[in-house]
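Colleague: Which chain is which? The protein sequence lines are A and B, in order.
242 is the number of the first residue of the first sequence in the working numbering; add one for each residue after it.
262 is the number of the first residue of the second sequence in the working numbering; add one for each residue after it.
Because the hints were derived from the structure by calculation, they are not lab data.
All values derive from a computational prediction rather than experimental measurement.
The beta carbon of each residue, even a glycine, is placed where N, CA and C say it ideally should be.
A few of these clues could be false.
Subject to a maximum C-alpha distance of 27 Å in a straight line, what follows is the list of computed DSSO-like cross-link-like pairs (lysine-lysine) [as the list claims (entries may be wrong)]:
#1 A:K431 - A:K355
#2 B:K412 - B:K361
#3 B:K372 - A:K436
#4 A:K371 - B:K363
#5 A:K371 - B:K359
#6 A:K430 - A:K355
#7 B:K359 - B:K270
#8 B:K335 - B:K270
#9 A:K371 - B:K372
#10 A:K431 - A:K371
#11 B:K372 - A:K355
#12 A:K371 - B:K361
#13 A:K355 - A:K371
#14 B:K340 - A:K301
#15 B:K340 - B:K272
#16 B:K361 - B:K272
#17 B:K372 - B:K412
#18 B:K270 - B:K361
Derived, one-sided and incomplete: chain B residues facing chain A with beta-carbon distance under 7 Å [as the list claims (entries may be wrong)]:
#19 T315
#20 L345
#21 S346
#22 A348
#23 S395
#24 A401
#25 H421
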Amino acid sequence: MTDYLLHLADTTLILSQRNSEWCGHGPILEQDIAITNISLDLLGQSRNFYQYAAELISQKNGNTVTEDSLAYLRDPSEFKNVLLAELPRGDWANTILRQYLFSEFQFILFEQLKNHSDTQIAAIAAKGIKETTYHIRWSKEWVIRLGDGTAESHDRIKAALSTLWAYTDELFIPAEYEVNLGIDFDIMKKIWLEKVIAVFEEATLSIPENIVMQTGGKNGLHTSELKLILTEMQQLQRTYPGAEW
Amino acid sequence: MVNNNTISKEKIWEILGTVTDPEVPVLTILDLGIVRDVVVTNETVEVVITPTYTGCPAMDMISMNIRIALAEHKINNVKITSVLSPAWTTDWMSEAGKQKLKTYGIAAPNKNFEIPEDGVECPLCNSINTRLISQFGSTACKALYQCNDCKEPFDYFKCH
Ligand SMILES: [Zn+2]
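Could you build the full structure based on these sequences and the hints that come with them?
Modeller: In structure tokens form, the structure reads like this:
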């Protein structure tokens, strides 16, 4: 269970960190605020998962693991986030499309988790689903606006899709720690595909063909990007252990 | 140290009614409906709160402000517990709270819709000739609108 919690926490933390790179750089002020607010929601979900994981690990091992030590003091190979989360933010189309693909997935996942037998996981999911609804609405509108927009916006989101699609299978391939959790990955993939294809149609986009799927993140096998993110994010705690403000 | 036997639960609720939301300072945490329970024992006062939004950065500050308010009444053994379930909803916001929001210039949540494209009542001139500017306003819990009549932009507290 703790591995699964870390997987959920790492994915939301890394995606939050990626989206936060737009802070002060968004295309217009309102959208800068939107993407950073989404970032904040993801960080909040991440904290909930880390706090719960820390509680379980501390109970089991009798040591003092905290949400901070889990986020700031683990090495890249210990991170279990999906690869999709760590990819560079790219342009606005890439950021939007990644958020959309992830939010549709997260909504379906939380729909399952909110009925989970573990009441704390269920509570975190039930809470998060409300925010995820807003994330889908916002990112979906953008996917349609860019896809069905100008020639340039269409080309950009099409390019983003051809990059990102290779990382979508991993969402639905259970890692060892996900096998006995009562999550139905096949159903999730079916529902997700239906939703995504419907939006792509409206956005005049189609799923790219002959894509070689990439996996590994759930098991700690990452792209070189993750190391760069962690170097920046963890620098303060690694340099000044226990620093607070 | 004060023996908690002398502190009534009512007194604690009364003190909590003076703690305000750092982001919307006209609302107390009771107006928001985020205090779920107060448990007074001989040793401690436990305040059970629930976050509004998962990513609400104000929760840590609200916890600290609860401690400060209680400490001003010499109540120092305070435990603050955060529970997630059942998840907070804007329906728990008090009617008084909604009225205070409006006076403050923020349109109160209306549970009949989520983020409508138009028709949210302008808190300044009461016109419903308004339009959505952005689904994410100055904080994650608000959306940004503009009134077509008085031209003022205003925040709308999103349903949750
Ligand atoms: Zn007006």
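Colleague: Please check whether B:S395 passes as an interface residue: C-beta within 7 Å of a C-beta belonging to chain A.
Modeller: holds, 4 Å
Colleague: Tell me if B:A401 is really an interface residue toward chain A, meaning its C-beta lies closer than 7 Å to one of theirs.
Modeller: Result: holds, 4 Å to nearest chain A Cβ.
Colleague: Is it true that the CA of B:K340 sits at most 27 Å from the CA of A:K301?
Modeller: With Cα atoms ~24 Å apart, B:K340 and A:K301 stay inside 27 Å; holds.
Colleague: Between B:K361 and B:K272, does the CA-CA distance stay at or below 27 Å?
Modeller: Measuring from Cα to Cα gives roughly 23 Å; hence the hint holds.
Colleague: Should the hint that B:H421 touches chain A count as held when the rule is a Cβ pair under 7 Å?
Modeller: With a closest approach of 5 Å, the B:H421 hint holds.
Colleague: B:K372 and B:K412 were given as a pair; does the straight-line alpha-carbon distance stay at or below 27 Å?
Modeller: holds, 25 Å
Colleague: Should the interface hint for B:A348 be scored as holding, given a Cβ-Cβ cut-off of 7 Å against chain A?
Modeller: holds, 4 Å
Colleague: Holds or violated: B:K359 and B:K270, Cα atoms, limit 27 Å.
Modeller: holds, 26 Å
Colleague: Compare the distance between the alpha carbons of B:K340 and B:K272 with 27 Å, and conclude whether the hinted pair is satisfied.
Modeller: holds, 16 Å
Colleague: Do the alpha carbons of A:K431 and A:K371 lie within 27 Å of each other, as the hint requires?
Modeller: holds, 22 Å
Colleague: Is it true that the CA of A:K371 sits at most 27 Å from the CA of B:K359?
Modeller: holds, 21 Å
Colleague: Given a cut of 7 Å on the nearest C-beta pair, is the interface hint for B:L345 held or broken against chain A?
Modeller: Because about 4 Å separates B:L345 from the closest Cβ in chain A, which is inside the 7 Å limit, the hint holds.
The structure fails none of the hints (numbered hints given earlier).
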